[in-house]
Amino acid sequence: ETGVTQSPTHLIKTRGQQVTLRCSSQSGHNTVSWYQQALGQGPQFIFQYYREEENGRGNFPPRFSGLQFPNYSSELNVNALELDDSALYLCASRPTKTTGELFFGEGSRLTVL
Amino acid sequence: DAKTTQPPSMDCAEGRAANLPCNHSTISGNEYVYWYRQIHSQGPQYIIHGLKNNETNEMASLIITEDRKSSTLILPHATLRDTAVYYCIVIGGSSNTGKLIFGQGTTLQVKP
Chain A
1 ETGVTQSPTH LIKTRGQQVT LRCSSQSGHN TVSWYQQALG QGPQFIFQYY
51 REEENGRGNF PPRFSGLQFP NYSSELNVNA LELDDSALYL CASRPTKTTG
101 ELFFGEGSRL TVL
Chain B
114 DAKTTQPPSM DCAEGRAANL PCNHSTISGN EYVYWYRQIH SQGPQYIIHG
164 LKNNETNEMA SLIITEDRKS STLILPHATL RDTAVYYCIV IGGSSNTGKL
214 IFGQGTTLQV KP
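Chains as they are written, first to last, in this note's numbering: chain A, 1 to 113; chain B, 114 to 225.
Here chain B stands alone, though its shape is the one from the complex (with noise of 0.2 Å):
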């Protein structure tokens, strides 16, 4: 089973910045938690990915909460190209065996 809960869909107004929730209370200490997306037919992107400071790259930006219990995915400036499905994963820990476990993700439809 996912360690994660996320909203099933949200959507968002094309150049506003969507922000896609993930729960994931049963995070231990060194779990990672990271994003990945997958736009229709195609196979799952890589997006962005922490353990407990916010990160930043070209795509996204991810902010974690102090108690690590859940994330925030943050697309700033939304296109129609960014619609997809979202998925948080959380990996790592001791029984790391690089298995990622999706859940069913949050839909994101970007409208203009």
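Here chain A stands alone, though its shape is the one from the complex (with noise of 0.2 Å):
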């Protein structure tokens, strides 16, 4: 357990709709980094949120956007879904926006039909 919770765990979508993920991450980190896995694949770097504040992108186009709250929570919204958006999404924290360590949640499986 690493106290970082995802909702839901899973979801099915259709091509062109829009999705909401949302993450809890572990009480006193304060940054929140969003990974996407596709199937057989590592995860890749969505984006960080330090502090409410995006601070780092990974090569993905800006239909994939975020938010982090006061509380250190974070949504990932995801717009005009398309069929390779499928996908594992991780959410992880970590206690400063550099150390290495961070804290992965089970994930969100997100099915576009």
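It is worth saying that the hints were derived from the structure and are not from the lab.
Some clues are possibly wrong.
What the hints assert, rightly or not - Covered stretches of chain B (in silico footprint by chain A; criterion: 3 or more residues with CB under 8 Å from a CB of chain A, positions within the stretch not fixed):
1) 186-195
2) 199-205
3) 216-223
Backbone N, C-alpha and C define an ideal beta-carbon position, used for all residues, glycine too.
Got two chains here, each in a separate frame; can you build the complex from them with the hints?
The structure is reproduced here in structure tokens:
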């Protein structure tokens, strides 16, 4: 148990729809990052939030957006869903914005039909 | 692109030591080596990290070569629950943003 919780655990959407995934970080962790993991691949960095500001972004289009709230919980929003967005979405929190020790949640499995 | 190279798969007998190698020949002086593992359908789990000295914790040992161009993760007494994908990641340095770059990892199969 890492103390990082994600919801929902599974969801199915159709192409063109929008989705919001939620993450509650471990207590005391002010930095949250999101990763996308396609089947059979390693996780790919989407973006990171530190104290409610985005402070790093991977190679993902603008339709992937996020928020971090004052309690450090976070949301990942994906607009105009495409079939290739089907993946496991992982949230991870860390106590500082640069340490390499991340605490991952169990992920949200998104299927786009 | 990942800065590390790992064998795609390895087998290990239950109760024996599992030695997982990782090459990171372009590592710079202030970059750390981190190891994570991912058991099927779960989020990645931090195992251990090191800079240049060997490290040990309750889960594993990390041996880093003197030139720091490679390392080995050792699970001293592998169990069936250690079956997972193991990722070796290099992170740190002056441009550190905290982003982890995962490669394909090594799939370790522990057999009875």
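Do the hints match the structure? See the list:
Look at the segment 186-195 of chain B against chain A: 0 of its residues bring a Cβ nearer than 8 Å to a Cβ of that chain, fewer than three, so the hint is violated. Given a C-beta distance limit of less than 8 Å, the hint that chain A covers the segment 199-205 of chain B holds, as 4 residues qualify and 3 suffice. Only when three residues or more bring their CB closer than 8 Å to a CB of chain A does the claim for the segment 216-223 of chain B stand; here the count is 3, and the claim holds.
Checked against the numbered hints above, the structure violates only hint 1.
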